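Peer 1: Protein chains in written order, with this note's numbering: chain W, 155 to 454; chain Z, 4 to 438.
These are computed hints drawn from the structure, not numbers from a lab. Bear in mind that the values here come from a model prediction, so they are computed numbers and not experimental data. Wrong hints could be hidden among the right ones.
[What the hints assert, rightly or not] Derived DSS-like pairs (lysine-lysine); straight-line CA-CA distance at most 30 Å:
| # | chain 1 | residue 1 | chain 2 | residue 2 |
| --- | --- | --- | --- | --- |
| 1 | W | K351 | Z | K172 |
| 2 | Z | K138 | W | K321 |
| 3 | W | K322 | Z | K172 |
| 4 | W | K336 | W | K322 |
[Claimed, not checked] Far from chain W, by Cβ distances over 10 Å, these chain Z residues were calculated:
| # | residue |
| --- | --- |
| 5 | R50 |
| 6 | E63 |
| 7 | E135 |
| 8 | D198 |
| 9 | D217 |
| 10 | R329 |
| 11 | C367 |
| 12 | D406 |
By construction, the Cβ of each residue, glycine as well, lies at the ideal position given by its N, Cα and C atoms.
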Amino acid sequence: MTTAPEPHGVTEPHAHSHEHDEAAAASSRPKLAVWKFASCDGCQLSLLNCEDELLSIAEAVHIAYFPEATRAVVEGPYELSLVEGSITTPDDVRRIHEIRAQSGVLVTIGACATAGGIQALRNWADVDEYRSVVYAHPEYLKTLDTSTPIASHVDVDYELRGCPVDKKQLIEVLAAFLNGRKPRIATYSVCVECKLKGNVCVPVATGQPCLGPVTQAGCGALCPSYGRGCYGCFGPQDSANTESLTRQLVELGMPSDDIVRVYRTFNAGAPAFAAASDAVEVGATVRSTVDRAPEQGGVP
Amino acid sequence: MTHQLKDGGQVLNVGMLARVEGEGGMHIEIKDRQVVDVKLNIFEPPRFYEGFLRGRTYTEPPDITARICGICPVAYQSASTEAMENICGIVTTPEIQLMRRLLYCGEWIESHALHIFMLHAPDFLGYESVLEMAKTYPDVVKMALRLKKAGNDLMELVGGRAIHPVNVKVGGFYRMPTVAELEDLRPDLERGIEDALAAVELVAGFDFPEMEQDYTYVSLRHPDWYPLERGNEIVATNGVRFPVAEIPQHIEEFHVAHSNALHARFDGGTYFVGPLARYSNNFDQLSPRCQEAAVKAGLTETCRNPFKSIIVRTVELAYAFEEAVRIIDLWRDGHAPSVPIAPRAGEGVGASEAPRGTIWHRYCIDADGVIEDAQIVPPTSQNQASIEADLRLAAQQWVDLDDHMLTHRCEEAIRNYDPCISCATHFLDLRVKRS
Ligand code: SF4
Ligand code: SF4
Chain W
155 MTTAPEPHGV TEPHAHSHEH DEAAAASSRP KLAVWKFASC DGCQLSLLNC
205 EDELLSIAEA VHIAYFPEAT RAVVEGPYEL SLVEGSITTP DDVRRIHEIR
255 AQSGVLVTIG ACATAGGIQA LRNWADVDEY RSVVYAHPEY LKTLDTSTPI
305 ASHVDVDYEL RGCPVDKKQL IEVLAAFLNG RKPRIATYSV CVECKLKGNV
355 CVPVATGQPC LGPVTQAGCG ALCPSYGRGC YGCFGPQDSA NTESLTRQLV
405 ELGMPSDDIV RVYRTFNAGA PAFAAASDAV EVGATVRSTV DRAPEQGGVP
Chain Z
4 MTHQLKDGGQ VLNVGMLARV EGEGGMHIEI KDRQVVDVKL NIFEPPRFYE
54 GFLRGRTYTE PPDITARICG ICPVAYQSAS TEAMENICGI VTTPEIQLMR
104 RLLYCGEWIE SHALHIFMLH APDFLGYESV LEMAKTYPDV VKMALRLKKA
154 GNDLMELVGG RAIHPVNVKV GGFYRMPTVA ELEDLRPDLE RGIEDALAAV
204 ELVAGFDFPE MEQDYTYVSL RHPDWYPLER GNEIVATNGV RFPVAEIPQH
254 IEEFHVAHSN ALHARFDGGT YFVGPLARYS NNFDQLSPRC QEAAVKAGLT
304 ETCRNPFKSI IVRTVELAYA FEEAVRIIDL WRDGHAPSVP IAPRAGEGVG
354 ASEAPRGTIW HRYCIDADGV IEDAQIVPPT SQNQASIEAD LRLAAQQWVD
404 LDDHMLTHRC EEAIRNYDPC ISCATHFLDL RVKRS
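With the rest of the complex left out, here is chain W (with noise of 0.2 Å):
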């Protein structure tokens, strides 16, 4: 069973603008602050991967917490802080209330933060299992049964999708939130993405499935422009239509056991992924077009 929660609504940054402006006021830069919860430090890495924009980011935002780069700590509140990674421990419900209370905006960055993360296929699992088959002691762990992304426990101004964000993607977050507007991302899919790269698809020409029709755009189209199919590490894209891809799947000749676990990788406890690789499980929905009503069309 999983416990995805409700898909979160996306507010505009600035949506404590009062606070923040007054924050603004205080200091000549809003103070930035970095946080890390059940992850693998890639989407904070992909920060300090802008080798070519790190100096003019520090001269943008004072980066006052981001335990990975500096020692410095600045005490908070922080204009705008980067969450990474999911809630897993009891501890860490407790410290992104904490975080919640002292940021103005708060953006969750990757699919740790915004799905869960991998971690979350611990949600159709018994941790205990887990526990026992990783560790000698398991006495000595304290966590939860579940992964759960940021905004299952408070309110997210937005969240930036993948495993890991893309780079571009997480500077014009950061552009936007110094402008006071909307980042402007994507919410199209891998498809429109290979399109406008000119790539064959992958599905039609060597058979090999690929999330790419349900997956969201913003790493341009990389495995396909390397033969390989989207595995759904942006997670899925605001209109998914999973059903129409697991009929193709079935087509393409995957067995349900397989379309369960492409469906449950690194966005596993995003909705639309939890939901589609569920009905693949029950096998409430999955029929190849074979056997389909006529009415319902043919191939997707």
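Since the structure of chain W is already known, use the hints to place chain Z with the ligands on it.
Peer 2: Frame of chain W, contents of chain Z with the ligands only:
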């Protein structure tokens, strides 16, 4: 963050270590100027990779295990692909191996540059971060960013992406880069060799505390090259050596109460993996230019001062640039990106040299390729006991410093290891207690 205890003892606590990857802290307890307890606590929450790899198929670990660590995903991809290929009894082509080494050079460059300049150098120069350093040393910081970017560019070309490359699969790659694409990178890589060699001189000029330990250094070894994406055996400074397949017979993991990460023993004892181990076990395999740079920087063939790991890392950085250029020289178009592979029931091990030390994976799969059991042993788990031993020595050596300075020294002793706390999926809180 010092606490006076009722019995007059004192605890030095660092809740959150800065400039390391992942989350940990330390606890040091001092009584009558004697360090009585030292603990590295890893509170990075467990993510249970070994648990949920069970039931997935043998082709999935390169994409999944990459997500253990954003800084060294290629190390996970390499060790897992090698393990699966060993189990399935296939040998890839020399070209696939060469391309894996090139991708790994990208990761070494990116990770070493990050650690040397962004995480470690500020300790020696007295800054809280590289961003502050940039005000006084703009040219050094610009060089650092350029070096790091060259590593990222290489990973993006060969791997498709710098973090969690998409182009790696069991059996090889989805697509080989072309000579023309690789040639585009040549100027930056050639400049990288020169920059990195200059950086060796620069870091050799830092002020190093006197501190040496008689570590058991453990690393991969290969007859023909400096170990990077693979080796053929494990060697240790105590004379023990054995093939990679036998690693599980010699390295045992165990679980301690104060940490979410497992500790490990090598033939029952504490050991040390990482650049110092790799260098001390394989000095002869470095290029003549890198050997010369090391000697000029004041190193001998073995380095036992953990603070000098920054010099060794920088020598390795130069080496990775040289290797990248050498591989590009050898590259020709038209090689098959992968070899076909089919599952076969069995158990196997794959090992590689992550920037911060030897990493190994062991899998059991069934005849359909379904994973029955997985074990992933990252460098930081293996080094935890050594880090604690260093912390104890450092704390004792600088016991008369005030708490602020002592804390600083102890944190530096930890950063010597470039500990990758996120990857210690199964990994550290600093506290000093005095009485
Ligand atoms: S979303 Fe992916 S890259 Fe980002 S922290 Fe999570 S695992 Fe790492
Ligand atoms: S193509 Fe899909 S899986 Fe590949 S990087 Fe893009 S979103 Fe991620």
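Peer 1: Within a Cα-Cα threshold of 30 Å, do K351(W) and K172(Z) meet the stated pairing?
Peer 2: Between K351(W) and K172(Z) the Cα gap is close to 23 Å, so the pair holds against 30 Å.
Peer 1: So if I understand the rule, the pair passes when the alpha-carbon distance is 30 Å or less; does K322(W) with K172(Z) pass?
Peer 2: holds, 26 Å
Peer 1: Verify this label for me: D217(Z) is non-interface relative to chain W, using a Cβ-Cβ cutoff of 10 Å.
Peer 2: holds, 29 Å
Peer 1: Does the claim that E135(Z) lies off the interface hold, with its Cβ farther than 10 Å from every Cβ of chain W?
Peer 2: violated, 8 Å
Peer 1: If we take the beta carbon of R329(Z), is the closest beta carbon in chain W still more than 10 Å away?
Peer 2: holds, 24 Å
Peer 1: Confirm or reject the statement that E63(Z) sits farther than 10 Å, beta carbon to beta carbon, from all of chain W.
Peer 2: Incorrect as stated: the minimum Cβ-Cβ distance to chain W is 7 Å, not above 10 Å.
Peer 1: The output says D406(Z) does not contact chain W. Does that hold with a beta carbon cutoff of 10 Å?
Peer 2: The assertion about D406(Z) holds, with a minimum of 15 Å to chain W.
Peer 1: Does K322(W) lie within 30 Å of K336(W) when you go C-alpha to C-alpha?
Peer 2: holds, 15 Å
Peer 1: Are all C-beta atoms of chain W more than 10 Å from that of R50(Z)?
Peer 2: violated, 5 Å
Peer 1: Taking only the CA atoms, is the gap from K138(Z) to K321(W) under or equal to 30 Å?
Peer 2: Roughly 24 Å between the alpha carbons, so the hint for K138(Z) and K321(W) holds.
Peer 1: Taking the closest pair, is the beta carbon of C367(Z) still more than 10 Å from chain W?
Peer 2: holds, 13 Å
Peer 1: Please confirm whether D198(Z) is truly not at the interface, meaning its C-beta sits more than 10 Å away from all C-beta atoms of chain W.
Peer 2: At roughly 14 Å from the nearest Cβ of chain W, D198(Z) sits farther out than 10 Å, so the non-interface label holds.
Hints 5, 6, 7 from the list above are not met by this structure, while the remaining hints are.
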